[in-house]
Amino acid sequence: MAMLGGLLERPTGTTGIWSWLTTIDHKRIGTLYLVTAFFFFLVGGIEASLMRLQLAVPDSTLISANIFSQLFTMHALTMIFLAIMPLSVAFFNWIVPLQIGARDVAFPRLNALSYWVFLFGAIILNLGWFTMTAPAAGWFAYANLTNTTFSPTSGMDFYVLGLLVLGTSSLLGAFNFVVTIINLRAPGMSLMRMPIFTWMAFITSFLLALAMPVITIGLVELGFDRFFGTNFFVFERGGDVLLWQHLFWVFGHPEVYILILPAMGIVSEILPTFSRKPLFGFPVVVFSGLTIAFLGWSVWAHHMFAAGLGPVPDAVFATTTMAIAIPTGVKVFNWLATLWGGNIQLKTPMYFAIGFIALFTIGGLSGMTHAAAPSDLQQTDTYYIVAHIHYVLFGGSIMAILGGIFYWFPKMSGRMMSEYLGKWSFWLVFIGMNMTFGPMHYVGLVGMPRRNFTFPSGMGWDLWNLVASLSVLFMIAGVGLFVYNALRSARSGEVAGDDPWDARTLEWAMSSPPPHYNFAEIPVVHGRDALWEQKYPDEEHAAPPPVPAGGAHEADEEHHDIHMPSPSYFPLICALGIFALGITLLLYQMAAPLGYAAGVIGIILLLWGSYGWIFEPTD
Amino acid sequence: MAVVLLSGCQLALPQSTLNPAGDVAQSQQDLFLFVFWIAVVIFIGVQGFLTIAVLKYRSRRGHESDVPPQTHGNTPLEIGWTIAPSLIVIAITIPTVAGIGATYDAPSQYADDPSLTIEVVGHQWWWEYRYLDENGDLDFITANELHIPVDTVINLKLSSNDVIHSFSVPRLAGSRDVVPGRVNRMWLNATETGVYAGQCKEFCGDSHALMRTVAFARESADYEAWAENERQPAVDRTAAMDAGWVVFQENACRGCHTIEGATEDEYELAIGVTGPNLSHFGSRVTIAANTLHKGPADMNMGAFFEDVPTDPDFMQRDPAAENLKRWLNNAPDVKPGTEMPDLDLTDQQLDDLVFFLESLK
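Read top to bottom, the protein sequences are chains A and B.
Sequential numbering from 1 applies to the first sequence in the working numbering.
Sequential numbering from 1001 applies to the second sequence in the working numbering.
So here's chain A without its partners, still in its complex pose:
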């Protein structure tokens, strides 16, 4: 078996396409995640824009009902699984090892595997667009609309297989970051000295590791129903359609926190840096994050208030849902207190962070109105909910992610993004977002249901739908400007230096971009905000003497013998195997021999990749 592995020499290149295909450097993998996920963010945006185009006027016939169903299904799947989650993972990859003073993640090749599996999962999920048979039963895919009777195209097959493959990627990443954060922290970095973003990455990784198996069960059952004729969700033959809803939302609600906790982590880094004071109530912010993650498992059936579970479950889940408002409120108050008394630098990342607080608060408050179960029966499945989730996921997650990109761009690229263009893009996105999603609160309250490919005229919905649609132009302009700014600045932006924001955490201790080994010497940590305490020892009463740490450029020459693992072909080979296995059933349905071929190729690739991986020499 070692011979199979020996068929490939361990790659050594550091430039060109092969260096990207074989990289196991967490920073390069972070970049791959960032670019891929941002691409899908734009794809999801195009899908959304097409829907707004259709809904600009009543009785529109621009887009057919079926294509519209595909658009809203794929918009949600794309934004959740292919944009926000991997954008968060991009930051985990880039920032967590730097923040904890590590040279890489615990399992660098596994990290590469999780990226490639993600990419192939994304491709499988999107395959339907080539035949215009993308999934069309909503991202929540309620049984029994998803069975072969009501969804006869391959759309739901892409859904099942794409999400199974993507889930594999998420699990690999989650385990990797749990192990990395537990084991690879620099000496002296106790858990309560760990930077807040790393904390949120830590919590999110646990959520991922626990949530993905639940949706996997649902997907396997749905896959068996569709491919092999089982009856998990076929009520006529003893199945139960609500079984899917429980499985989906037991995953789906923690998933919401998987989407928002990293964003909260980003904001909790930006606010202290640009207020030039520590995060207020650090331990409380950590514990409220943990509380949110914990309570997140106890609220799933608030997505099912209308399902008729009965008054007792409705009351229980309404109560637990209300309880989440408490740690969430505590977080907001601590962010406000972080600002209070600071020396606030109104740089672009800070705009996005402050925008996050303003918008996320609105999303949280509207969330309270539909935690009130009887009232939610009116709001559920209306545009009011669409407004709510976009205030949380666009106003929350996306604002934080855009701010995070702006904040860490200098570290990643060595150059600054343009402040002038950055503020323009903030205002365009901020205004566009409020004018698009704000009116949806009203439209929903006056009765417009969501997931409607058209609406009749004269119901009081016409004007605000038009306003919402037109305002999308602001968001397109803002995001477009952001992309232009990033591309231009990557080549010709102002040189950043190590620590352009005078920040607090260790990622700013080395050069920008960091050397591939990150830290020439692993730093020793004596407190929270490790870098800040080195820079301003006088500001802390119990400040330790400054510790010579990473970032000593002049010492570079001496550290060329730092051992870092070499790149590897095998993660990509394994991922190709998983991809082939992922499309086996699809091909089998088209033509049996194709399916067998894909299956055999997939198994061979996976075995070759795995054995090669195991027996790969360390250099």
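A couple of the hints might just be wrong.
Listed below are the simulated DSBU-like cross-link pairs for lysine-lysine, each with C-alpha atoms no more than 35 Å apart in a straight line [what the hints assert, rightly or not]: (1) B:K1325 / B:K1157; (2) A:K423 / B:K1056; (3) A:K535 / B:K1056; (4) B:K1361 / B:K1325.
Simulated coverage check for chain A against chain B, where a stretch passes if three residues somewhere in it have a Cβ under 8 Å from a Cβ of chain B [what the hints assert, rightly or not]: (5) 144-152; (6) 310-317; (7) 370-382; (8) 492-498.
By construction, these hints were calculated from the structure, which means they are not laboratory data.
Quantities reported herein were computed from a predicted structural model and do not represent experimental measurements.
Think of the CB as a built atom: it goes at the ideal place given N, C-alpha and C, for glycine as much as any other residue.
Given chain A, put chain B in place with the hints provided.
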């Protein structure tokens, strides 16, 4: 925003959740507004504090690199702002939990009200209403237009013929899902007469947006007159209806639609149950689950809901029956995915069929 919300009654908002015409919708609105106003206060507090903090502590020119006091936290504050939201949450949770039971069954104060039980069956993409008599036996069947007497407890038993739907008429009550394999329940009443719009709220396939319904809340006597007509078989066929009956038969309409004749062979073999029961189609004002109405083709849906309650001769408004012809001629064009086929009729056939169907008062 609140002004806009509360002035809702000024506009024609036939499907608004903030314009209740029944007790369930009213209590849902009360709870919503209770939470809403608390949320407004918190909103103003947080946004106000945020604005003040940013304005007050923004960096002044020349002082960008000053280091402010490095405050790490404040335990009493943390305790305070944990307790405060907890109290608010408790205040909201109490009426929430207290109100949940009343979304399923009418509370005891309605025990003396008259009541009526209707089975609601969801189909892709239309509603079947099966009225039960006081013994719980089937009284009569109709579709898409729900007629109820005012100030009466209407118990709805919800079931599905295919996929999950969700029944709601927002001005009367919020939604309850219609789940295959289960019988769900909800109740509502109308406290004022009127015509209210409703719509399926759970995505149920391509034409989900066109699975609408209309609720007519009427005085008891008016309701009873309507119900009595529904209980009767369809009118006997007259000679004038024969041409349309032929079209109906030739196009296999009877395989999917029922027309209950006074005798078994009056509407021979028109016993299909795939589509709506057409025994009294001529007395309905909407077509295809209110995808279209029977008013003039250029009348929008909002105007329809304004005119229908006040115009007893609404149906005479469009003698050309443009909307109905559009539907009969090519149903899938109007409602994507419907099982009703593209019949592609001649103008004469259409005229005959319209006459026949509209005669089924």
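Inset, instruction - Hint by hint, work out which the structure violates, then give me just those numbers in ascending order. - result: 8
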